[in-house]
Amino acid sequence: MTKAYYTTGVWEHFTVQDGLPDMKIECISEDQQGRMWIGTHDQGVVCYEGGEFRTYSCREGLSEEGVFSILEDGQGHLWLATNRGLTVYDGKEFHCLGLDKPGSFLWGSCRDLQGRLWFGMERQPGRPPMVARWNGEQLEYLEIGEPTGDQGQSIHQVICDELGAVWLGGEGLYKYVEGEGFVSHSRGTGHGDMVNDLLVRDKEMLVASNGGIWINKNGKAEYMNFEHCPISISRDPSEGDMTPQSCATWDVSISSDRRRDTHEAESPERRRDHSDSAAGRRR
Numbered sequence: 015m016t017k018a019y020y021t022t023g024v025w026e027h028f029t030v031q032d033g034l035p036d037m038k039i040e041c042i043s044e045d046q047q048g049r050m051w052i053g054t055h056d057q058g059v060v061c062y063e064g065g066e067f068r069t070y071s072c073r074e075g076l077s078e079e080g081v082f083s084i085l086e087d088g089q090g091h092l093w094l095a096t097n098r099g100l101t102v103y104d105g106k107e108f109h110c111l112g113l114d115k116p117g118s119f120l121w122g123s124c125r126d127l128q129g130r131l132w133f134g135m136e137r138q139p140g141r142p143p144m145v146a147r148w149n150g151e152q153l154e155y156l157e158i159g160e161p162t163g164d165q166g167q168s169i170h171q172v173i174c175d176e177l178g179a180v181w182l183g184g185e186g187l188y189k190y191v192e193g194e195g196f197v198s199h200s201r202g203t204g205h206g207d208m209v210n211d212l213l214v215r216d217k218e219m220l221v222a223s224n225g226g227i228w229i230n231k232n233g234k235a236e237y238m239n240f241e242h243c244p245i246s247i248s249r250d251p252s253e254g255d256m257t258p259q260s261c262a263t264w265d266v267s268i269s270s271d272r273r274r275d276t277h278e279a280e281s282p283e284r285r286r287d288h289s290d291s292a293a294g295r296r297r
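According to the numbering used here, the residues represented by the sequence shown are 15 to 297, in order.
For the record, the hints were derived by calculation from the structure and aren't laboratory data. One should not assume that every hint holds.
Using 25 angstroms as the maximum straight-line C-alpha spacing, the simulated SDA-like pairs for lysine to any residue come out as follows [to be verified]: (1) Lys38 x Glu26; (2) Lys106 x Thr69; (3) Lys189 x Val214; (4) Lys106 x Asp56; (5) Lys189 x Glu176; (6) Lys231 x Leu127; (7) Lys217 x Asp175; (8) Lys38 x Asn97; (9) Lys231 x Met219; (10) Lys217 x Asp87; (11) Lys231 x Asp211; (12) Lys106 x Glu86; (13) Lys38 x Glu74; (14) Lys189 x Asp211; (15) Lys189 x Met219; (16) Lys217 x Gln128; (17) Lys231 x Leu220; (18) Lys217 x Gly88.
Listed next, with one range per pair, are the computed distances between beta-carbon atoms [as the list claims (entries may be wrong)]: (19) Asp87 x Gly226: 32 to 40 angstroms; (20) Leu127 x Glu26: 33 to 41 angstroms; (21) Asp32 x Lys231: 36 to 44 angstroms; (22) Met208 x Asp56: 18 to 26 angstroms; (23) Glu192 x Arg73: 38 to 46 angstroms; (24) Gly65 x Met208: 31 to 39 angstroms; (25) Gly195 x Glu26: 39 to 47 angstroms.
This one's a predicted model, so the numbers in the text were calculated from it and none came from an experiment. Every residue, glycine too, gets a C-beta built ideally from N, C-alpha and C.
Using the sequences provided together with the hints, build the complete structure.
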C-alpha cells in the first residue's frame, strides 16, 4: 500500500508490519469522517484512523472477505462490494444485503445525481455485461446489450458525469442516460480495448485503457500515450523516473527502515541541480 503526494512530499509504504492484513489492495475510499477504508483481495476491509489499522472480516458480518469496491451513500453508510454480494456498514454493524441473483462484484461503483448506487459486476458466461443498481428500496440488475460470447464480459468501472449520465467501462465503453438506456461508445471512438479506469473532471472524461489514455471533451476524443519506465518505485527499491510525455520528469530517492519505505519526490529544478552535481562528480 502506498500513500502518495502529487508533487513534492513523501511517499510512504505500509505493510503487514504496520497492521495491514494483506498486501494486495483492491480499493481505497475516504468516508465523511475522514477515515480511510481499504478493501483487500481476500482479508476483509481495513479502517485506517488515528494512525492505526483495524480489520473487519466475515466474523464481523462481511458477506465475503474479497472487497473490491467501497461506496458511501447519502446517509453516510458504506456499501462494500465483495466477491459474494454486498455488505452495508451503518457505522456500528455490518449487514449483508440479500440478493435475488448470485453474483460477484468488481471495482467500479458510483452514486448518481438521483442518489442511486451503481455497482459493476463480474462476467457471467452466456450473459450480457451487467451492472447492479440500488434504487433506495431494492437492487436492480441491468443488462447492457446482448450476450457477447461464451465467457461474457465484466464491468470494471462505473462513474457519473456532471449531466447525470453514467459511464461504464469494461471490455468497451458504455453510457447510460435516463429514459434512453445504454449506448455503446466502443466502436469508432478508440475505446475498443479494455477500459481499466474512468475519471470525470472539469467537463472532461479520462478513459484509461490498455492502449493508453483517451480524453473526451465536447464529444471529441484525444489520445495520449505515456512512456513506460521499466524501473519504477514499486518494483525497484533504489531509483526510478516517472516520465509521461509532455510532462516533467521526477526523480525518486528512496530510504528504508525496518518498518516502511519512504519515497521522496523531487521537483524538476532540484533534479537538474542534482544532475549537474552528479555530472561534476563523474568528470
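To see whether the hints hold, each was checked on the structure:
no.: 1; hint: Lys38 x Glu26; result: holds, 16 angstroms
no.: 2; hint: Lys106 x Thr69; result: holds, 14 angstroms
no.: 3; hint: Lys189 x Val214; result: holds, 13 angstroms
no.: 4; hint: Lys106 x Asp56; result: holds, 22 angstroms
no.: 5; hint: Lys189 x Glu176; result: holds, 13 angstroms
no.: 6; hint: Lys231 x Leu127; result: holds, 20 angstroms
no.: 7; hint: Lys217 x Asp175; result: holds, 8 angstroms
no.: 8; hint: Lys38 x Asn97; result: holds, 15 angstroms
no.: 9; hint: Lys231 x Met219; result: holds, 7 angstroms
no.: 10; hint: Lys217 x Asp87; result: holds, 23 angstroms
no.: 11; hint: Lys231 x Asp211; result: holds, 17 angstroms
no.: 12; hint: Lys106 x Glu86; result: holds, 15 angstroms
no.: 13; hint: Lys38 x Glu74; result: holds, 21 angstroms
no.: 14; hint: Lys189 x Asp211; result: holds, 14 angstroms
no.: 15; hint: Lys189 x Met219; result: holds, 12 angstroms
no.: 16; hint: Lys217 x Gln128; result: holds, 19 angstroms
no.: 17; hint: Lys231 x Leu220; result: holds, 9 angstroms
no.: 18; hint: Lys217 x Gly88; result: holds, 23 angstroms
no.: 19; hint: Asp87 x Gly226: 32 to 40 angstroms; result: holds, 34 angstroms
no.: 20; hint: Leu127 x Glu26: 33 to 41 angstroms; result: holds, 36 angstroms
no.: 21; hint: Asp32 x Lys231: 36 to 44 angstroms; result: holds, 41 angstroms
no.: 22; hint: Met208 x Asp56: 18 to 26 angstroms; result: holds, 23 angstroms
no.: 23; hint: Glu192 x Arg73: 38 to 46 angstroms; result: holds, 40 angstroms
no.: 24; hint: Gly65 x Met208: 31 to 39 angstroms; result: holds, 37 angstroms
no.: 25; hint: Gly195 x Glu26: 39 to 47 angstroms; result: holds, 45 angstroms
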